[in-house]
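**Q** Using the sequences provided together with the hints, build the complete structure.
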Amino acid sequence: QKEVEQNSGPLSVPEGAIASLNCTYSDRVSQSFFWYRQYSGKSPELIMSIYSNGDKEDGRFTAQLNKASQYVSLLIRDSQPSDSATYLCAVTGNDYKLSFGAGTTVTVRA
Amino acid sequence: SQTIHQWPATLVQPVGSPLSLECTVEGTSNPNLYWYRQAAGRGLQLLFYSVGIGQISSEVPQNLSASRPQDRQFILSSKKLLLSDSGFYLCAWNGGGQQPQHFGDGTRLSIL
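If you read the protein sequences in the order shown, they are chains R and A. In our numbering, each number is its position in the first sequence, counted from 1, plus 3. In our numbering, each number is its position in the second sequence, counted from 1, plus 1077.
Hint data in this document are derived by calculation from the structure and do not stem from the laboratory. Careful, some of the hints might be misleading.
Footprint (simulated), chain A over chain R, 3 or more residues, beta carbon under 8 Å [said to hold, decoys possible]: (1) 25 to 37; (2) 49 to 63; (3) 103 to 113.
Not the full set, but computed from the structure, chain A residues with beta-carbon under 8 Å of chain R [claimed, not checked]: (4) G1120; (5) L1123; (6) L1167; (7) Q1175; (8) G1181.
Only pairs whose alpha carbons sit at most 25 Å apart, straight line, appear in this in silico SDA-like list of lysine to any residue [stated by the list, open to error]: (9) K100(R) x N10(R); (10) K59(R) x I1188(A); (11) K45(R) x L1189(A); (12) K45(R) x I1188(A); (13) K70(R) x G1174(A).
Backbone N, C-alpha and C define an ideal beta-carbon position, used for all residues, glycine too.
**A** This is the structure:
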């Protein structure tokens, strides 16, 4: 069973600041890494996928992966109130299954 | 484009009653399909997954079962619900391999 740990939160940031979310995973053979955003009462929505070491940028979101350290992070630049949600880190290995972290709740203060 | 439909959106059932939740995917063929449960304030727990018609793998022993009668249809069932079955049930699909999973809108199940 892959274990995925996220910083516990909640994380409160002022509007316009950078929100930094961290995730570590236990299985060294993990191959694919995802960040999902989940608004309260809604289902998770994929916001980022990353498969190789380094940074991947998509708009205001940047995912960073370091397989040697078994660490993946998500940066949200210029945070907006609409970014207030729970962010789930998910990891998959050599099977079909995703393992999810418990999530980090982000609140952006106007 | 692909879409995933899940119903009903909310359901209130008495303890001991049966359950049937349905999920269908459009716009793709032979998807991998998944059922998850999310308890209040908790992470997602994988319940079942399927890589093809009639092929079901169970992750957690419990009183739930799953079936895949058609390529793009996935059903979650129970003969007798327990209080502990309350939660947010999510269906997801992907195209296999290391592709990301995409979720339906979920069913919020309350057991009385």
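**Q** Among the hints numbered above, which are violated by the structure, and what are their numbers in rising order?
**A** 10
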